[in-house]
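Kindly generate the complete structure, drawing on both the sequences and the hints.
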Amino acid sequence: MIRVLLADDQALIRAGFRALISAEDDLEVVAEAADGEQTIAVAARHKPDVALVDIQMPRMDGIEATRRIVADPALTAVHVVILTNYGLDEHVYAALRAGAAGFLVKDTEPSDLLHGIRVAARGDALLSPAITRRLIADYVSRPRGAEPEMLRLLTNREREVVALAGKGLSNDEIAARMVISTATAKTHVSRAMVKLGARDRAQLVVFAYESGLVTPAPG
Numbered sequence: 001m002i003r004v005l006l007a008d009d010q011a012l013i014r015a016g017f018r019a020l021i022s023a024e025d026d027l028e029v030v031a032e033a034a035d036g037e038q039t040i041a042v043a044a045r046h047k048p049d050v051a052l053v054d055i056q057m058p059r060m061d062g063i064e065a066t067r068r069i070v071a072d073p074a075l076t077a078v079h080v081v082i083l084t085n086y087g088l089d090e091h092v093y094a095a096l097r098a099g100a101a102g103f104l105v106k107d108t109e110p111s112d113l114l115h116g117i118r119v120a121a122r123g124d125a126l127l128s129p130a131i132t133r134r135l136i137a138d139y140v141s142r143p144r145g146a147e148p149e150m151l152r153l154l155t156n157r158e159r160e161v162v163a164l165a166g167k168g169l170s171n172d173e174i175a176a177r178m179v180i181s182t183a184t185a186k187t188h189v190s191r192a193m194v195k196l197g198a199r200d201r202a203q204l205v206v207f208a209y210e211s212g213l214v215t216p217a218p219g
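All residue numbers for the sequence shown refer to the working numbering, where the first residue is 1 and numbers rise by one.
Don't read these hints as lab results, they were simulated from the structure. Among these hints, one or two may not hold up.
Claimed, not checked - When the alpha-carbon atoms are kept at most 27 Å apart in a straight line, the in silico DSSO-like pairs for lysine-lysine are as follows: (1) Lys167 <-> Lys195; (2) Lys186 <-> Lys47; (3) Lys106 <-> Lys167.
Laid out in structure tokens, this is it:
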């Protein structure tokens, strides 16, 4: 059973998400929060698998709440998914850098929301990868400076894996592209994440763009 925390200052939105999620056999809403500070407290108390966190909340915004949840060693198993009204929002990119596993637009299709929760719970891939890659490409393409010292930590195979992950490929797709087993691909991904200090695949994708392993597509 995947345990979900709903954090949004609008009760109506929480009620809608709760009804949708509770109708699924493998999902359950274990707690709700109406502001950022409450989100942190409730996450610590219930330790959900996935926290759906609105980006704009009173007392503390979703980005800071995400940052504090990610920084808590007791909450390493909590995957934060940011909820936003706009797909391409610089705040969403900041949330990814803060440690969010991904993001969902509030008006997404119900099936996509449910799928996103399951994907986030696995920690396997970004949510809405095509949109997320566009967002990352947009903001990372602004001059920031590469991170060659971090790249030196990776083997050639690990660099290749990170680049493919940055393009949105799953472990199965990486394995097929590199002609290796899925288990080997997963091992390369895991080792790269440890070396780079990446909490999840979302941060691995951010690194792939920032380091230049993946070049933002034009347009």
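Numbered hints the structure breaks, given as an ascending list: No hint contradicted; all consistent.
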